[in-house]
Every structure is written in structure tokens, then in C-alpha cells.
Amino acid sequence: MSNLPDIILSNKSKIKFAMSLCARCSMCAPSCFLYRANNGDPTYMPSYKMLNSIGLIFKKKGNLSDNDLENIKNIVWEKCVLCTRCYCSLGIDIPYLISLARDFCRQKGVYKTYDN
Amino acid sequence: MHQLYLLLRGPLALISFIVFIGGVIYQIIWFFNNTKVQEIPKNPGLLPSKKEIKSFYPPEDIKKLTKWEGSVWSTQPYFTILTSIFHILVILTPIFLLAHNILIKQSWGIAPPSLSEKITDVFTIVVLCFGAYFLYRRIFLSKVRIITGGGDWLMFFLVFLPYLTGFLAYHQIFSYMPMVILHMFLGELMLVCIPFTRLKHMIFFFLNRFYLKSEYSFFKKGNRVWN
Ligand code: HEM
Ligand code: HEM
Ligand code: SF4
Ligand code: SF4
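Chains A and B, in that order, give the protein sequences. By our numbering, the letter at position 56 of the first sequence is numbered 56, and the numbering carries on one by one without gaps. By our numbering, the letter at position 40 of the second sequence is numbered 1040, and the numbering carries on one by one without gaps.
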């Protein structure tokens, strides 16, 4: 059963397309300042963040465990600031796709709080 | 065995070419159906004048610099040069291979230009070395390994097995006939798979980078957005 909100469904072809196109080449890695600032920790790589947030949401059709949601929350708020500086050699719009994962999380009541 | 050879050499080769070209056309149509030219809102009162727009943007040389610094030519110059060489060879070799063009001549009577067999043999060896290098990256570099999945291995083998078997057949390292048959089968399989697997980047690299609106659109001419 698909459990995806409209914002994801209306972007379905774009998400599916990016997941199947991404050549997993890691060329985007050094274009993210957070990847560089964290000594090349691969979990800060734009493609990793895209594939493991919106990619996972899409693959599991929105049926995510609490643990998955926690991981995605960490990726899309702690590991990416949506500064849109990343560069994909194949022209994939990574920040837009990560922002969709944020939308999904908000709809599930999962978001970053700044008061503690 | 000879029957299988004739099947792969004749009808299946033709079918694979048709599926390949048809698949490419299908993907191009799909792309234009799923994107549209971005509409710029027409309320001139709110839009800055041409002169004002010019003053917003940094001078040309700074624009060039930031573009250069963000691109892979600056962040990973060595890998970018290597992968460019790989891509040129991976495309040129089969197209200008004498063995392939002789078959084309026999089938359709046209004789495309060929490089000498010595040169294409060296190209083949270089491509196979790149195969080893990409394999090394996929297995040992954590930034590549962490995102590698089944589809990436599929792409890897679809690309490099035709090269390996072509090489082995040319040098008759193992028994020739089974090797050529295997090579033809894998080569045709690869052609058929290009439009529908990760290898479709061959089509979408150009569509995305030339037609989609983005900071890194070639010549800044891209004006399409996704529906
Ligand atoms: C026709 C134009 C093509 C363009 C513009 C193109 C462009 C690219 C780009 C930008 C990448 C990602 C960066 C990289 O790893 O190099 C890539 C990766 C790759 N391409 Fe292509 N490509 C084309 C055709 C092909 C063809 C025909 C093949 C195979 C027969 C191929 C095989 C590969 C492989 C195996 C990778 C992944 C390398 C890795 O494992 O990291 N490409 N390509
Ligand atoms: C469409 C089906 C194909 C057929 C019928 C075919 C047929 C052949 C034949 C007959 C040979 C020569 C063996 C010899 O010298 O006796 C050959 C060699 C070769 N083919 Fe193909 N091939 C096909 C597709 C491909 C593809 C798609 C590629 C790579 C992308 C490829 C790459 C090679 C290479 C690299 C060699 C050997 C070059 C050398 O080491 O000298 N072939 N092929
Ligand atoms: S540069 Fe693009 S194709 Fe390569 S891994 Fe990053 S997102 Fe995927
Ligand atoms: S948008 Fe996110 S992934 Fe892209 S460069 Fe900025 S922080 Fe890194």
C-alpha cells in the first residue's frame, strides 16, 4: 500500500527518474561544504543524502519505521542545509529532492526544533 | 553453434539496434513530455529593468571563476580527465572497430570508416584498465561503496563484459567461436539495456544539461522545468 502524501506523488516521475539516473559516481561529493568540513564522511555526500532520504521514502512507498524516519530527519536537517551549492554532473537537482524529503517528514510530524 | 551465431549475427543484431534507437527516441519524448518551458511572470512593473539586472550579477570574470570553482574540473580534476578519456574511448572503440564495420558492410553494404586494429586493440586494453579502476573505486572508496547498489553492478558488467569478451575473441585466447557468440550476445544485451538502465545517462546528460534550467546548464541556455 502506498502511503505517500500528494507532494511526493505529484513529483513521482522526477524522483523515480533521479533514482534511476544517478550513476553513483560520487562526483558531487566535494561540491558540498558539509562533506568537506566533515573530513569526507561519505554520509554527508549529496547523493548519499538524496538516495537515503527521498530515495528511501519512495522505495518503501512511505511505509517507514520510526528508526527510518529518525535517520531521514537527521540527514535532511542535520546533514544538509539546502544551500543549493551542490553540483551533479548529470544535472540532477539534488537540493530539490532533499527538500521533498523534508516536506514528507513535516507531514509525518517529524521536524527539527530549535528550542533546546 | 553455427545456428546460434547466425541468429545473433542477423535478426537479433537488427532487433537490438531497433530497440536501442527506439528506446533512445522514447526517452527523449518522455523528457519533453515531462518538462515544460518555464513561464516568466509578465508583470513588468515589478520586474527590474535590464540595466538593473546587469548590476545585480557579479562581473563576468567573477561569474566565470565561481562557475569554474564549483565544477568537477576544479574539485576533482584528475578523475574528471580520466573519466573523460574513458568515455571517449568507450564510445569510439566499437564504432570504429574493423570487425564491427565488416559485419555492417556484409549486412547492409555500407562501409563505415574504421581505425586500424592495432589502435582499437590498445583502446580496448585501456578501457579494460578503466574497468579495473572503476571496480577498485566501487569496492574500496567508501564514498562510492556507500551508494553502490545492484543497478550499479549491472551497469558495470553491461559495459565491461562486452569489452572483455571482444578482446578475448580477437586474441583467440579461449576457443574462438563460443567467445564471439558470447560477445555478440553481451554486446546486443548492452545496446538493448542502454535506454532503460543507468546507462541512460548517455541520453540524459545532454538533455538535462542543455535543456533544464539550472546554474550549471551549458551556456546558461536551459529554460525547461519539470511538470
Ligand atoms: C554519450 C555520452 C555520455 C556522457 C556525456 C556520459 C557522462 C557520464 C557522467 C557525467 C558520468 C558520471 C561521472 C563519472 O563517473 O564519470 C558517467 C559515469 C559512467 N558512465 Fe557515462 N556518459 C556517456 C556515455 C556512456 C557510455 C556509452 C557508457 C558505456 C558504454 C558509459 C559508462 C559509464 C560508467 C560505467 C560510469 C560510471 C563510472 C563509475 O563507476 O564511477 N557512459 N558518465
Ligand atoms: C551488436 C552486436 C555486436 C556484434 C555482432 C559484435 C561482433 C564482434 C566481432 C565479430 C568481433 C571480432 C572478433 C574478432 O576479431 O574475430 C568483435 C570485437 C570487439 N567488440 Fe564487438 N560486437 C557487438 C557489439 C559490441 C559492443 C556493444 C561493444 C562495446 C561497447 C563491442 C566491443 C568490442 C570490442 C572491444 C572488440 C575487440 C577489440 C579488440 O580487442 O581488438 N562489441 N565484436
Ligand atoms: S554527481 Fe550526480 S550522478 Fe554522480 S553520484 Fe552525485 S548525484 Fe549521482
Ligand atoms: S544543498 Fe545540502 S547537499 Fe547540497 S551543498 Fe548544500 S548542504 Fe550540501
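Treat the hints with care, since some could be wrong.
Take a look, some chain B residues computed to stay more than 12 Å from chain A by CB distance [unchecked claim]:
| id | residue |
| --- | --- |
| 1 | Tyr-1005 |
| 2 | Leu-1007 |
| 3 | Glu-1069 |
| 4 | Val-1072 |
| 5 | Gln-1106 |
| 6 | Leu-1141 |
| 7 | Gly-1151 |
| 8 | Gln-1172 |
Partner residues are not named here, just some residues of chain B that face chain A (Cβ under 7 Å, in silico) [what the hints assert, rightly or not]:
| id | residue |
| --- | --- |
| 9 | Gln-1027 |
| 10 | Ser-1142 |
| 11 | Ile-1147 |
| 12 | Phe-1205 |
Non-contacting residues of chain A with respect to chain B, defined by C-beta distances greater than 12 Å in every case (computed) [as the list claims (entries may be wrong)]:
| id | residue |
| --- | --- |
| 13 | Arg-36 |
| 14 | Asp-41 |
| 15 | Lys-61 |
Because the hints were derived from the structure by calculation, they are not lab data. In this text, a Cβ means the ideal position worked out from N, Cα and C, and glycines have one as well.
**OP:** Output the numbers, in ascending order, of every earlier hint that fails for this structure.
**Re:** 3, 4, 6, 7, 9, 13 and 14
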